[in-house]
Amino acid sequence: MAKQIKVSLIGNPNTGKTSVFNLLTGLNQQVGNYPGITVEKKEGICKLSRGVKAHILDLPGTYSLNASSLDENVVIELLLNKKDKDFPDVAVVVSDVENLKRNLLLFTQIKDLEIPTILVINMADRMNRKGITLDIPLLEKELNTKISLVSARKNEGIDELKKLIESYTSLPKTPCVDALSFAPDYFDRLKKAFPNQSVYKLWLVITQDVNFRKFSKQDITITPDFKIKSESELKRLQQKETIKRYQFINDVLKRGLVTDEKAATGMRAKLDRVLTHKFWGYFIFFGILLLIFQAIYDWSSYPMDMIDEAFAWLSETTKSVLPAGPFVDLITEGIIPGLGGIVIFIPQIAFLFLFISILEESGYMSRVVFLMDRIMRRFGLSGKSVVPLVSGTACAIPAVMATRNIENWKERLITILVVPFTTCAARLPVYLIIIALVIPDEKVGWIFSYQSLTLMFLYFLGFGTAVGAAWILNKILKIKSKSYFVIEMPGYKVPLFKNVVINVVEKTKAFVFGAGKIILAISVILWVLASFGPNENFSNAEEIITSTNNDLSQEELDNEISSYKLEHSFIGYAGKAIEPIVAPLGYDWKIGIGIISSFAAREVFVGTLATIYSVGSDEEETIKNRMAAEVNQKTGKPLFNLASGISLLLFYAFAMQCMSTLAIVKRETNSWKWPMVQLVFMSILAYAIALIAYQVLK
Amino acid sequence: MKTTIASLKRGQRALIKEITSDIIPLKLLEMGCLPGNEVELLQTAPFQCPIYLTINGSHLAIRKEIAAQIEVQII
Chain A
0 MAKQIKVSLI
10 GNPNTGKTSV
20 FNLLTGLNQQ
30 VGNYPGITVE
40 KKEGICKLSR
50 GVKAHILDLP
60 GTYSLNASSL
70 DENVVIELLL
80 NKKDKDFPDV
90 AVVVSDVENL
100 KRNLLLFTQI
110 KDLEIPTILV
120 INMADRMNRK
130 GITLDIPLLE
140 KELNTKISLV
150 SARKNEGIDE
160 LKKLIESYTS
170 LPKTPCVDAL
180 SFAPDYFDRL
190 KKAFPNQSVY
200 KLWLVITQDV
210 NFRKFSKQDI
220 TITPDFKIKS
230 ESELKRLQQK
240 ETIKRYQFIN
250 DVLKRGLVTD
260 EKAATGMRAK
270 LDRVLTHKFW
280 GYFIFFGILL
290 LIFQAIYDWS
300 SYPMDMIDEA
310 FAWLSETTKS
320 VLPAGPFVDL
330 ITEGIIPGLG
340 GIVIFIPQIA
350 FLFLFISILE
360 ESGYMSRVVF
370 LMDRIMRRFG
380 LSGKSVVPLV
390 SGTACAIPAV
400 MATRNIENWK
410 ERLITILVVP
420 FTTCAARLPV
430 YLIIIALVIP
440 DEKVGWIFSY
450 QSLTLMFLYF
460 LGFGTAVGAA
470 WILNKILKIK
480 SKSYFVIEMP
490 GYKVPLFKNV
500 VINVVEKTKA
510 FVFGAGKIIL
520 AISVILWVLA
530 SFGPNENFSN
540 AEEIITSTNN
550 DLSQEELDNE
560 ISSYKLEHSF
570 IGYAGKAIEP
580 IVAPLGYDWK
590 IGIGIISSFA
600 AREVFVGTLA
610 TIYSVGSDEE
620 ETIKNRMAAE
630 VNQKTGKPLF
640 NLASGISLLL
650 FYAFAMQCMS
660 TLAIVKRETN
670 SWKWPMVQLV
680 FMSILAYAIA
690 LIAYQVLK
Chain B
0 MKTTIASLKR
10 GQRALIKEIT
20 SDIIPLKLLE
30 MGCLPGNEVE
40 LLQTAPFQCP
50 IYLTINGSHL
60 AIRKEIAAQI
70 EVQII
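Line order of the protein sequences matches chains A and B. Take the first sequence: its letters are residues 0 to 697, numbered as in numbering that gives the first Met the number 0. Take the second sequence: its letters are residues 0 to 74, numbered as in numbering that gives the first Met the number 0.
Same shape as in the complex, but just chain A (with noise of 0.2 Å):
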C-alpha cells in the first residue's frame, strides 16, 4: 500500500486556506460532518511524489485553541487526541502575510502541541504592493519551523510546500516560545501532579470545554495536590498567557518583517469608505440583493424551461419505447417526474451559492454584517445574522449551521428560530409555478412584470416575517447571556474562480443528493399509492365508466376513467379524508396531498403534482399545463385561481414545511423544544393566513 501522511490544515479564517487546500487537492475532495456533529469536514488527497500521497484535513478556521464555537471545538478536539484516526502526522498552519502577526499566535499554540509543522504563508504576491519584505532564514529559526511562501492566488509556491510536507520527520516537534513562564508555580504544581503529561495540554484541558477522551477536567478536579482555580482567574492567566505569546511574536517580526509604509498601496481604505458608508454603503448592499434576486428569477428561467421540457419528452420517449406494463409506467409516471422535480432546482441553487460565496470570498460578507448589525440588534438580532438570512434564500440547512459564530446564545436561538422564514430555493419551485399560474403575464413600467414583483413581495415577505418574529422572541425568550460581538473585516479580494465554482458544485452537489432522495421515495410511494386501490370501485373503473358514459369520445373516456381511478386509488381516499381541512383555503385533495407530502420537503410539491397529475393523463405535458387545466370540480372554475393560488403561495411561506431544517435545528439547539415550536408555530400561522387570504379575495 502506498504512504500516507496524515496533514491537517489549520489556519485563521480568510488566510485563503481553503484555497492552498483546493490547490492541493484539486477536485480531489469530499465534504462529510463530523461524527454526531453538523461541522463540515473537509478532506482530500493530494499526490507528493511517486508512491507517496497526503491526506489532508481542513480543519474550520480558528482563530486560537481557546475556543469559543463548535467548529473551533473540532481543531482542539482533534490536536489533544493523539488516537484519532485524523491526527495529523504533520500540522500545515496557513497564515496570510498582511496578518502575520495575529496568525502566528495560533502557530505558537499549535507548535506547543509538539507536533511537526510548517508555516505557510500565503498571498506572498501582496508583499510587494504592501512594500512587506521578510527574513525567512531569522523567522524559521526563531520560530523553530520551516516555512513555505506560497501564493494560492498565482498558483506559486505549491511544489516546495509538497516537498516540505513529503519530508516532514524532518520538521522540529519542539515549542518555540516558552508561553507559560508568566506563572511558574501554578504550572510547576501542575506538572508535578501529572509528570506524564504535557503542561500545555493540561492547560488547555484546564480552560477550554472539550472532550479529551482519556483526560478530563474531571481528573485534575479531583486530583488533592492541584486545585483549578475560579474561572475569572483562569481568564487572567489565559490572558497573560496571551501577552507572553504576542510580545514573542513582537520581538520576532521586529527583526524578520519590514514595512515600508511609503510602498503601501491599498484600495481597501478607498473601498471601505464606500462601502460602509452610512448611505452609499446600504444604498449598494440593496443594489446587490435585488441582482440576486433578478438572477433567480430571471437568469435561470431558461435553463430550467429547457429542464422542464427535456424531462417531459423524456417521458414520452421512454413510454414509447419501451414495451406497456406496471414496470415501465413506474419508470415513467414515477421516477422520471420525480427526478425532473430535483434537476429543475440545480439552475437557481447554482445562482444562489454563486453570489453567497462571491460575496464571502471577496470580503464584501463583514461590511454587511457591520451595516446591519445595528439595526438587526433592535429585532434581538446580530449583524452576523445577515449571513445565515442571507443564505437562507437557499437553504435554511446551511443557514442554520451558518448561525455558529454568533456568540451570543439569545441572538443566535432567534436567528436559528426566525431562519425557516426566508424564502429558501425549495420554496421557488412552488412560488414560480404558481405565480406562472395565476399572476397575470404583464409589465408594469418598463422593466418589471407583475410576475417578478410578486415573487420579489414574497421574498421580502419571508424576510420580514423572520425580522418580526425575532422581534417578538426578544421580547418574549428571556435567556440572559453575555453579548460580545468581534468581527474581523478582512481585506478585499477578487474572488478565486477556482474557489468560488468548487464551492458552488459542492453545495448544489450536497443540496441535490440531499434532497433528491427524499423526493425521488416520495414520488415512487406516491406513485404506488395512485396506482392501486383497496376496492372493485378502483379496479373496475372502466366498466364503470363505460356503462354510464355513452356519448363520450374515446379521448374524454379515458380521461374520465384515469381521474375516477385516482379518486378511488389510496391516495385518493387519503386525499378526501383531508380535503375538509383544506377546502376552506381553496384547495381540493390533490393540493392537499401536495401540502402533506411537502412536510418531508417543499419542492416536494410540484414534484407530487407532476405524479399524480401524471397518472392521470396519457399525453405528456409539461406540469405548468397540466395544472392550469385542472378545475375544481365544486365551483367550475379553475383550481388554480387568484384566491386560492394567494392563499397558497401564503401558505408556503408560513409553513414549516422541511424535516431536514427540523432535524439540523435540533441538532444544533441540542433539544426537541425548538424545532417543535417552530413546526407547530409556523404551521397554525400559514393555515390563518392562508384562509383569511382565500376567504377575502375568492
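Just so you know, these hints were derived from the structure itself, not from any lab. Just to be clear, a hint being listed does not mean it is correct.
Calculated pairs, DMTMM-like style, for lysine to aspartate or glutamate (alpha carbon to alpha carbon, straight line, at most 25 Å) [stated by the list, open to error]:
#, chain 1, residue 1, chain 2, residue 2
1, A, Lys253, B, Glu17
2, A, Lys239, A, Asp187
3, A, Lys234, B, Glu37
Once you have looked at the hints, place chain B on chain A.
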C-alpha cells in the same frame, strides 16, 4: 470621564491602557487588543455602533458597549 475607544473620533489614534474589565472577551485580546497597542478608529455605523477599528494591524468591528470598556490614551 475616562477616554475609551467608544469616545474616539473617526481617524483618531490612541494607545490601549490597562485592560481590567472581565467583560472583554478573550477573543478580542487574541485579535490584538492588548495594552500598549495602537488603535485607530476607521468608521462607525449609524448610531456609533458597531465601531470599525484597526488594532495592532488587525481590522475588526466591535460593539459600542465593549468599546466603552477599553481605556485608551489619545496620541
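For each hint, the structure was consulted:
Under the criterion of a C-alpha separation no larger than 25 Å, the hint pairing Lys253 (chain A) with Glu17 (chain B) is consistent with the structure, at around 23 Å. With a C-alpha separation of about 17 Å, the suggested pair Lys239 (chain A) and Asp187 (chain A) falls inside the 25 Å cut-off, and the hint holds. Among the hinted pairs, Lys234 (chain A) with Glu37 (chain B) is consistent with the structure: their alpha-carbon atoms are about 23 Å apart, no more than 25 Å.
Comparing the model with each earlier hint shows no violations; every hint is respected.
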